[in-house]
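> Here are the chains, one letter per residue:
2 protein chains.
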Amino acid sequence: MRSVGDSGLPRGANPGGQDQRTERDGGRRPGSLRVVSLGPGDPRYLAPESLAALESAEVVVGYRTYLALVAPEVLAGKTIVSTGMRGEVERCEAAIEAARSGKATVLVSSGDAGVYGMAGLVLEVLEDRDPTGEVEVEIVPGIPAVCAAAALLGAPLMHDFAVISLSDLLTPWESILRRVRAAAEADFVIALYNPRSRKRDWQLEAVREVISCVRSRCTPVGIVRNAMRDGQTVEVTDLARLDPSRTDMLSILLVGNSSTRIIGGRMVTPRGYFDKYRRRPAKIIDGNGSPLPA
Amino acid sequence: MRSVGDSGLPRGANPGGQDQRTERDGGRRPGSLRVVSLGPGDPRYLAPESLAALESAEVVVGYRTYLALVAPEVLAGKTIVSTGMRGEVERCEAAIEAARSGKATVLVSSGDAGVYGMAGLVLEVLEDRDPTGEVEVEIVPGIPAVCAAAALLGAPLMHDFAVISLSDLLTPWESILRRVRAAAEADFVIALYNPRSRKRDWQLEAVREVISCVRSRCTPVGIVRNAMRDGQTVEVTDLARLDPSRTDMLSILLVGNSSTRIIGGRMVTPRGYFDKYRRRPAKIIDGNGSPLPA
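Line by line, the protein sequences give chains H and B. First residue of the first sequence? That's 1 in my numbering, and the numbers climb one at a time after it. First residue of the second sequence? That's 1001 in my numbering, and the numbers climb one at a time after it.
Derived from the structure by calculation, the hints contain no laboratory data. Hints are not guaranteed to be accurate.
With the Cβ distance kept under 8 Å, some of the chain B side facing chain H (calculated, not the full set) [stated by the list, open to error]:
{"id": "1", "residue": "P1043"}
{"id": "2", "residue": "A1182"}
{"id": "3", "residue": "A1240"}
{"id": "4", "residue": "P1244"}
Quick reminder that beta carbons are idealized off the backbone N, C-alpha and C, glycines included.
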């Protein structure tokens, strides 16, 4: 087993946020590249670390829809590199190039950059474009869309869960369906990303059929669209009544496990504490840090 | 399919953060209860919404280890209700009681409150203790430990993944192992919470054996302990060399899928963009918002 670095961090991982770029080549500093998670989009859910990275950046690279989630004053005066959908590789290349030229560079990703985001691709492209490891890279995590959606629905993810993208652009459909079947049979709560697009209009119905073979028709299903962004909608339905046409690429679906139930209109997957644990006394402390009299 | 509320939000869900408590009973206001995610623990990853909820709270309830993650100045002057491990139900009851008495109450949960956190239990207890729905409840999401760990390791979660707790206190061991087997066979990246405790010292070895039946001995495994907290450690190893004795309840393990590989010391699960997509031109905008000459 290998420990990664003295600090326990892999090269370039820099949760302290300090500028750790070293001087090389008589003063020319190699660049830094931070892959910054934006969370669901609302600034109230943007971590201070992500905001600080954006504010200190010289170059910000991103899909234009995600760049639009950043307050304009944060981006003012910076070099912005924006691409459209499916410009993933170009965004990574542009960010790496900027970082190699010595600029403090940020590549933005919505939700958590590590969940179907840009973190993986940038490390792959970096291997190709920066084989000598000049560029320091840090991944700044964020609130993934699945957690934002779950919070709006109640507490559907309280037990083991599986996260599956229904997009078959990069994954064979057979693999996706095999994962859905396995997750349903093993009673995972199932989160579905990318349930439907204009061109992929039959997949969710197929998934519903597979899940319905092993799980009750009454299994709660939550649909959240644009979680914590403009146009947010939250719906709770069940497997039998799920209408795939009400979903799109901006929707996340959460399918309950066999224990998930509706409490006061919300989806809750119990973990068992309420039934199992005996009570233990709580300690109450007043504003001065002293225990209150019982 | 039912739409939950005019705003698309369930009762009590209040992402706007405004005080929506209504006047009843000639001025006595029913309480509000916010279940606040602390994220990994470092204030740099605490969302502004979580901080604002803590600052405006009159009563803050939590497990004492998690309360210690909150800056003392944020808690100063507030009533603090802290309990030890396994005081989950008591914390929920104390929070609900405080909210019912009209106090602005926060129940804290580390990571994301919706992932093995307090969100579900509080909704269960609320059903019992507040059947008339007086208390407004909001779940404030945060960065889950699995995403913090993934960011430190690289980008292991870029493809479909399963999250499984190995704690069999509340779940039969057979169910846990069934989920591990299903996730391994369907080629999910697998995140393991609670891999080992002093009393549960053989489970991770059993899990390793099950996964090793279907996945290569060389499958990358990442172990992160205390992600983004004091004492953080990050290790990358593989299935064959995984040493369960190096893990504990503060560790999260990430087991790669069949495509996960090590790039520059980091775990990366490719999604396929790098090979599949043709390049499309990026648009570069200077600080004034005008496209730069090519």
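> Evaluate each hint against the coordinates.
Cross-check of the supplied hints:
1. With a least beta-carbon distance of about 7 Å to chain H, the hint placing B:P1043 at the interface is held under the 8 Å criterion.
2. Evaluation of the B:A1182 hint against chain H yields a held restraint, the C-beta minimum of about 4 Å falling below 8 Å.
3. Of the supplied interface hints, the one on B:A1240 is violated, with its beta-carbon coming no nearer than about 11 Å to a beta-carbon of chain H, more than 8 Å.
4. Because the closest C-beta pair between B:P1244 and chain H is about 11 Å apart, greater than 8 Å, the hint is violated.
Taken one by one, the earlier hints fail for this structure at numbers 3 and 4, listed in ascending order.
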